[in-house]
Amino acid sequence: MRKRKSNHKEGINQEPRNETAKNIPCLVVSEEAEKNRLTEITELLRLEYLSFQEEANIMKLITNSQDRFHIPGEKLTATNILQHRIPTTDDRPINARQYRFPQIHKEEINR
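Under UniProt numbering, residue 111 is the last one in the sequence shown; the count climbs by one each step, no gaps.
If you are wondering where the hints come from, they were derived from the structure by calculation, not from laboratory data.
Note that beta-carbon positions come from the ideal geometry of N, C-alpha and C, so glycine has one too.
Mixed in with the good hints there might be a few duds.
Stated by the list, open to error - Each pair of labels, with its calculated beta carbon distance range:
hint : residue 1 : residue 2 : range
1    : I81       : E40       : 24 to 32 Å
2    : N57       : E31       : 18 to 26 Å
3    : D90       : N110      : 24 to 32 Å
4    : Q103      : H70       : 54 to 62 Å
With the hints as constraints, model all of the structure from the sequences given.
Here's what the structure looks like:
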């Protein structure tokens with residue numbers, strides 16, 4: 001069964017993902033709910049202009065990664081499992097070119 005997060009209530013069980021991530025809940029989706037989701041995604045796409053081979057490749061991609069598509073009306077999820085930090089300092093000067101100020105502005109600058 002494919003694991004994904006969704007706001008669909010039917011056919012979903014919470015299970016730990018693996019031994020290293022037992023504290024991270026993951027949703028297991030029933031085959032019926034997965035088929036409904038696949039149908040909704042394909043209805044939103046315009047595949048008429050594609051060749052048979054291209055359409056088959058797109059359908060394979062959608063089937064293997066349904067959880068990465070957003071369906072209107074679904075709640076977008078977020079996580080706080082991963083955290084990052086962007087170090088910022090004021091000690092290094094910003095590399096900016098020195099330009100001469102126009103003569104008109106010099107009076108204002110010197111005040």
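Cross-check of the supplied hints:
no., hint, verdict
1, I81 x E40: 24 to 32 Å, "holds (27 Å)"
2, N57 x E31: 18 to 26 Å, "holds (23 Å)"
3, D90 x N110: 24 to 32 Å, "holds (26 Å)"
4, Q103 x H70: 54 to 62 Å, "holds (56 Å)"
Hint compliance for this structure: every hint is met.
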